[in-house]
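Participant: Listed below, chain by chain, are the residues.
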Amino acid sequence: MTAAVETAAGPLPVQYDSLERQHATARLGMWVFLGSESLLFAGLLALYAAYRFVYPAEFHAASAHANLVIGTANTYILLTSSLTVALAIHATRRGHRRRTVALLVATIALGLAFDVLKVIEYAGHLREGLAPGDYYAFADLPARGVVLYVTLYYLLTGLHALHVTGGVGALIWLAVRAQRGAFTPHSHVALELGGLYWHLVDLVWIFLWPLLYLIR
Amino acid sequence: MRTEPDYLRAGRGIRSWLLTRDHKRIALMFLVAVTLALTLGGAFAMILRTKLLYSGPWLIEPLTYNRLFTLHGVVMVFMFMIPAIPAVFGNFALPMMLGAKDLAFPRINLASFYVYLAGAALALWGMIHGGADTGWTFYAPYSTTTPTDVAPVALGVFVLGVSSIMTGLNFIATTHMLRRRGLRWHDMPIFVWAIYATSIIQVIATPVLGLAVGLVAIDHALHMGIFDPALGGDPVLFEHLFWFYSHPAVYIMILPAMGVIAEVVPTFAKKHPFSYKALAYSSLGIAFVGFLTWGHHLFVAGISQFDAAIFGVMSMFVAIFSAIKVFTWIGTLYRGSITFNTPMLYFFAFVYLFAFGGMTGIAVATTSLDVHWHDTYFVIAHFHFIMIGGTLTAFLAALHYWFPKMFGRMYPERWGLVSAALVFAGFNLTFVPQFLLGNAGMPRRYYAYPDRFHVLNVMSTLGAYLLGAALILTLVYLLASLRWGKPAPANPWGSRGFEWRSPSPPPAHNFVVPFDPAHGCYAYDRPPPDEAPAVET
Chain A
1 MTAAVETAAG
11 PLPVQYDSLE
21 RQHATARLGM
31 WVFLGSESLL
41 FAGLLALYAA
51 YRFVYPAEFH
61 AASAHANLVI
71 GTANTYILLT
81 SSLTVALAIH
91 ATRRGHRRRT
101 VALLVATIAL
111 GLAFDVLKVI
121 EYAGHLREGL
131 APGDYYAFAD
141 LPARGVVLYV
151 TLYYLLTGLH
161 ALHVTGGVGA
171 LIWLAVRAQR
181 GAFTPHSHVA
191 LELGGLYWHL
201 VDLVWIFLWP
211 LLYLIR
Chain B
1 MRTEPDYLRA
11 GRGIRSWLLT
21 RDHKRIALMF
31 LVAVTLALTL
41 GGAFAMILRT
51 KLLYSGPWLI
61 EPLTYNRLFT
71 LHGVVMVFMF
81 MIPAIPAVFG
91 NFALPMMLGA
101 KDLAFPRINL
111 ASFYVYLAGA
121 ALALWGMIHG
131 GADTGWTFYA
141 PYSTTTPTDV
151 APVALGVFVL
161 GVSSIMTGLN
171 FIATTHMLRR
181 RGLRWHDMPI
191 FVWAIYATSI
201 IQVIATPVLG
211 LAVGLVAIDH
221 ALHMGIFDPA
231 LGGDPVLFEH
241 LFWFYSHPAV
251 YIMILPAMGV
261 IAEVVPTFAK
271 KHPFSYKALA
281 YSSLGIAFVG
291 FLTWGHHLFV
301 AGISQFDAAI
311 FGVMSMFVAI
321 FSAIKVFTWI
331 GTLYRGSITF
341 NTPMLYFFAF
351 VYLFAFGGMT
361 GIAVATTSLD
371 VHWHDTYFVI
381 AHFHFIMIGG
391 TLTAFLAALH
401 YWFPKMFGRM
411 YPERWGLVSA
421 ALVFAGFNLT
431 FVPQFLLGNA
441 GMPRRYYAYP
451 DRFHVLNVMS
461 TLGAYLLGAA
471 LILTLVYLLA
481 SLRWGKPAPA
491 NPWGSRGFEW
501 RSPSPPPAHN
511 FVVPFDPAHG
521 CYAYDRPPPD
531 EAPAVET
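Line by line, the protein sequences give chains A and B. Residue numbers for the first sequence follow the numbering used here, beginning at 1 and rising by one. Residue numbers for the second sequence follow the numbering used here, beginning at 1 and rising by one.
Where hints are given, some of them may not hold.
To be verified - The calculated label-pair distances, taken between Cβ atoms and stated as ranges, are:
hint, chain 1, residue 1, chain 2, residue 2, range
1, B, Ser16, A, Arg180, 25 to 31 Å
2, A, Leu214, B, Trp125, 42 to 48 Å
3, B, Met316, A, Trp31, 32 to 38 Å
4, B, Gly11, A, Ile172, 32 to 38 Å
5, A, Leu12, B, Arg9, 48 to 54 Å
6, A, Ile172, B, Leu18, 26 to 32 Å
7, B, Leu222, A, Leu214, 27 to 33 Å
8, A, Leu159, B, Ile128, 52 to 58 Å
9, B, Thr366, A, Thr72, 49 to 55 Å
What the hints assert, rightly or not - Far from chain B, by Cβ distances over 10 Å, these chain A residues were calculated:
hint, residue
10, Pro13
11, Asn67
12, Val69
13, Val105
14, Ala137
15, Tyr213
In short, the hints are calculated from the structure, not lab data. By construction, the Cβ of each residue, glycine as well, lies at the ideal position given by its N, Cα and C atoms.
Looking at chain A on its own, in the form it has when it is part of the complex (with noise of 0.2 Å):
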């Protein structure tokens, strides 16, 4: 066995002939990563298509009730995050640490700020009766076809939330890594990695949004 190839980031894996072999087999595993993800949000996004095909009226009342002020909020907050995460890549690369730091720290403030906003939007449905399925209590609007637009807005945000949430998690990991110096303006691919997944749970809110909010 020849020596290992020492790297910034500990020795190089034995399957690997060069660094940037590895960084681009990390690119690709992450992009299809990515491409699975986006079916998951597809099978709901296909029944959302098919309930409003047979009940566009009432997807239409229902949307109404959304509320709009948080929804566009929260549009304006994740593009803006997904800036900052950018830039902090960009601040890696001109390796400014501090800079990269404070750019992450800031995609993870927008991104907690998003997911407190979408607590303080559900609790105002719930106290309205706008829940799903058997719970749902509106007394403005009928159940029927209405309940599955409700429903549907918790599953698709709901699991949107759980990826911000999940997301905001390897930010921090990885805003932590970046003060400990582990990013190099050559070798930072952590950090890409990071920036392109954030970059989808952006893309899936960019649906979401005239989805669920712009179509009254």
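Fit chain B to the known structure of chain A by using the hints.
Facilitator: Frame of chain A, contents of chain B only:
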């Protein structure tokens, strides 16, 4: 050159196994796990078949019967059939066939094993605790309203799906990025093509299954009513989501099996495949068309005639690609120098059973005929011909084919041939009567049946016992040869395959000397490359 220990002896102690990153060791751990799953699923099948010796109530309660066929399906499909060949033999052989020292993401590979265990534990716990009685298909609205414990079983299936995605992702990245320098796509063994096509299905289709069964679990636990007609929902949508995965999942089960066969045939016919490209691209063809056929499960669920016709025709395209493969294997045999070792005998069993299962697949893809056969034993017999006749025989072929490489021991050839013949006989005796039962109108999943079905049911049960005995025999002699088998040479079959150019068993990083891809993996018209040097034992 310094000698190094083989991968089985590279580290000692239980920790060196449980925390290993070596794809070969992870493959062996998966082998143990899927063998346990096969044993468990087989045991349930034996109880079911024993019950069906008599129509009347005996041996088990009807509810227990329902739980057992659900358990049989869930264990066999999600814990045995889907991971069996990719996670065991794909894991073991794919990196070696590419000349890689390991998979692209060894930690994800190890994690996929533990995720598999967690999913299996969750599903089995749910089964013991309350036991789902929905069948492995979890059809709504029954699955969301039955009082049995559907949620943990469905979540277990979800978790098993995550493991499957991790495996697929690893294989895709490895195939693209870790091929040995000079090894082009068209130099890769056919098995790699098959596993690659399978992996694409795994990463694309599995999340949709995860979503569908996840929704059933949530619905059952919280009454969300997403498929509940009382709240305006549509149960047929569940069937769409479920089969969007579960039909391609059939190809997750059969494509790797075809890959195994494509390695076995050239090796034991000592001949280049009749058409390399036909075998390689037909795998991708099946993977692609397989995504567009799911509607043939819904012919009687109220889809339009137009949809049904499209799905029927798309399903028949699969048969074209499958037939290309079968004819290519047969063409490979022509003027080959054939030796009848156990893997080769399994190939003959495979071709017969797969062709039979495939042709009946065309029959049930025909909309008018399917109305007659839908939900009868005809369908049961059809998919067992593909799943057992195809996947299980290929699994056994692979096990015997790579056994010397994996363990450095030879299995007893005579016992291998005898048990292969018994598997084939037992299988036919089990499932041929089921075609007749189904055609005569016996529905699947029924606890009782009219007297006129008695003889065929008894035949089927006796066949199942024979099949079970043959599998136990296989297990016994394979376990015995781990200890008492003759030491295996590096290349006992005289194969040209890349993985055989390493010692048996291989060293931790697979090759003592990197192989030369210029000497192709099917170059039977040239003398074999040098024997791999022995390693210290």
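Participant: Next, verify each hint and record whether it holds.
Facilitator: We went through each hint and held it up to the structure:
| no. | hint | result |
| --- | --- | --- |
| 1 | B:Ser16 <-> A:Arg180: 25 to 31 Å | holds (30 Å) |
| 2 | A:Leu214 <-> B:Trp125: 42 to 48 Å | holds (44 Å) |
| 3 | B:Met316 <-> A:Trp31: 32 to 38 Å | holds (34 Å) |
| 4 | B:Gly11 <-> A:Ile172: 32 to 38 Å | holds (34 Å) |
| 5 | A:Leu12 <-> B:Arg9: 48 to 54 Å | violated (25 Å) |
| 6 | A:Ile172 <-> B:Leu18: 26 to 32 Å | holds (29 Å) |
| 7 | B:Leu222 <-> A:Leu214: 27 to 33 Å | holds (28 Å) |
| 8 | A:Leu159 <-> B:Ile128: 52 to 58 Å | violated (30 Å) |
| 9 | B:Thr366 <-> A:Thr72: 49 to 55 Å | holds (53 Å) |
| 10 | Pro13 | violated (7 Å) |
| 11 | Asn67 | holds (21 Å) |
| 12 | Val69 | holds (27 Å) |
| 13 | Val105 | holds (28 Å) |
| 14 | Ala137 | holds (13 Å) |
| 15 | Tyr213 | holds (20 Å) |
In this structure, the hints that do not hold are numbers 5, 8, 10, in rising order.
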